[in-house]
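Novice: Single-letter residue listing:
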Amino acid sequence: MRLGDETALEALYARYGGLVFTLALRIVGDPELAREVLQDTFLRSWDGRETYDPRRGRVPWWLMGIARNRAVDLLRSRPHQARLREQERLPSGAHAGEPAHPGTADAVVLRRAVTDALERLSGAQREAIELAYYGGLTQAEIARHLGQPLGTIKSRTREAMERLRSLLEPRIGRTGKIGTTP
Amino acid sequence: MIDEHPVEDLAAYTLGSLEGTERVRVEEHAVACAACAARLREYQGVVGALPLGLAPVSPPSEAWESIRAAARARRARRRRWAGPVSLPNWLRVARWPAVAAALAVLLIWNVTLQRELVRRAPGPGPEVEALSRRPGRIVILTGTGQPGASARIFVAVDGGGHLAVSGLVPLPRGRTYQLWFVRTGAPAVTGATFGVDAYRRAWVKVAVPASLDDVRTIVITEEPASGSPTPTGMHLLEALPWR
Chain Y
1 MRLGDETALE
11 ALYARYGGLV
21 FTLALRIVGD
31 PELAREVLQD
41 TFLRSWDGRE
51 TYDPRRGRVP
61 WWLMGIARNR
71 AVDLLRSRPH
81 QARLREQERL
91 PSGAHAGEPA
101 HPGTADAVVL
111 RRAVTDALER
121 LSGAQREAIE
131 LAYYGGLTQA
141 EIARHLGQPL
151 GTIKSRTREA
161 MERLRSLLEP
171 RIGRTGKIGT
181 TP
Chain S
1001 MIDEHPVEDL
1011 AAYTLGSLEG
1021 TERVRVEEHA
1031 VACAACAARL
1041 REYQGVVGAL
1051 PLGLAPVSPP
1061 SEAWESIRAA
1071 ARARRARRRR
1081 WAGPVSLPNW
1091 LRVARWPAVA
1101 AALAVLLIWN
1111 VTLQRELVRR
1121 APGPGPEVEA
1131 LSRRPGRIVI
1141 LTGTGQPGAS
1151 ARIFVAVDGG
1161 GHLAVSGLVP
1171 LPRGRTYQLW
1181 FVRTGAPAVT
1191 GATFGVDAYR
1201 RAWVKVAVPA
1211 SLDDVRTIVI
1221 TEEPASGSPT
1231 PTGMHLLEAL
1241 PWR
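So the protein lines, in turn, are chains Y and S. So in this note's numbering, spot 102 of the first sequence is number 102, and the numbers just go up one at a time. Positions in the second sequence are counted from 1; adding 1000 to them yields this note's numbering.
Hints listed in this document are in silico derivations from the structure and should not be mistaken for laboratory results. Here a beta-carbon is modelled for each residue, glycine too, at the ideal position from N, C-alpha and C. There could be a bad hint or two in this list.
[Stated by the list, open to error] Counterexamples of contact, computed for chain Y against chain S with all Cβ distances above 12 Å: (1) Ala-67; (2) Ser-122; (3) Ala-124; (4) Ala-140; (5) Thr-157.
[As the list claims (entries may be wrong)] Quick partial rundown of chain S residues pointing at chain Y, CB under 8 Å, derived from the structure: (6) Gly-1016; (7) Glu-1019; (8) Thr-1021; (9) Val-1024; (10) Glu-1027; (11) His-1029; (12) Val-1057; (13) Met-1234.
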């Protein structure tokens, strides 16, 4: 893709477009905005392909980072806040949009592993992770939101991440590669 | 000496959940601490897998066509900027004098702009002015993603430098411009984060990498207010060609 090959962009979209859209929809809660995030993410990856650095992280991390930043920006923007006030936000897991094909066997197995790992967190740990990653809140904002000391939130976030790491390590490897099988 | 390990902040860092100063502290520590850098990579793998825990939803079927059309339009625009131009014969003869005239105009514009920047208040601080008096080189950035914007980076031979920008749109709260030195075979490093004034200008002191030998290009992107560890916004200004 660094050479500007459109087929590489298409391959990237075919592989990660669904995941980017799913992530964007979870964060912004609006299919139209999620589509905007999806397009921005792939255009920014296209524009910024020369700045992609394999040492800094793998392609999916890079793409998800772009998508999350853009989605959180939209989430925090005033027009979006107003829009959300006007329309009741879709409940988690009940977003508009077509359910995706489950994908390859490997993808299904990995998805199951991630879902199981998240379910094995305590409710408070899962909440800390979700408010940070999907809610776009800083640790200080989460502490204020939950009325808890900042130190408690940081410890909770670290414990949750450690638990996820130990549960997912057999699936994603120590280098964090997504999609490997044991 | 390595600072105390920021154990409590590593997870929050990979979730993008730290305030600016805490984020910078983690980044600076990870550069010198292999153990924390390795732990960050492991956490990044976990965070990268988190979206897999969501019920997958397919994007609209027409989404790819829109992306492809937009990518083609951008590529065409870039080619218009950088591609070879077929010139009529009379213009081929005249082009070198035209280039010389353009350079002269650019030089005059630079001098005029410099005087104007000095005249207008608030202008660059004494530190920036002192920097500009040292010997060094100037790199010009053009508005590839924001036509009409331009910037100059002055890099002093003994290190340090400053950036003068004009034509960038003031950003809403929560957003910042970020300068990047994009290197070959190494992570892009940030030189500065900044906003612009009501006149769409900024003067900023720049942290220049120790060596520019592996710097492939210099770009300015728009990022979240706390700054980004890696460029994620589109290239608004870019030094092309570099060197």
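Novice: Are the hints correct? Go through all of them and say.
Specialist: Against the structure, the hints come out as follows:
no.	hint	result
1	Ala-67	violated (9 Å)
2	Ser-122	holds (15 Å)
3	Ala-124	holds (14 Å)
4	Ala-140	violated (6 Å)
5	Thr-157	violated (5 Å)
6	Gly-1016	holds (6 Å)
7	Glu-1019	holds (5 Å)
8	Thr-1021	violated (11 Å)
9	Val-1024	violated (14 Å)
10	Glu-1027	violated (11 Å)
11	His-1029	violated (15 Å)
12	Val-1057	holds (4 Å)
13	Met-1234	holds (5 Å)
In this structure, the hints that do not hold are numbers 1, 4, 5, 8, 9, 10 and 11, in rising order.
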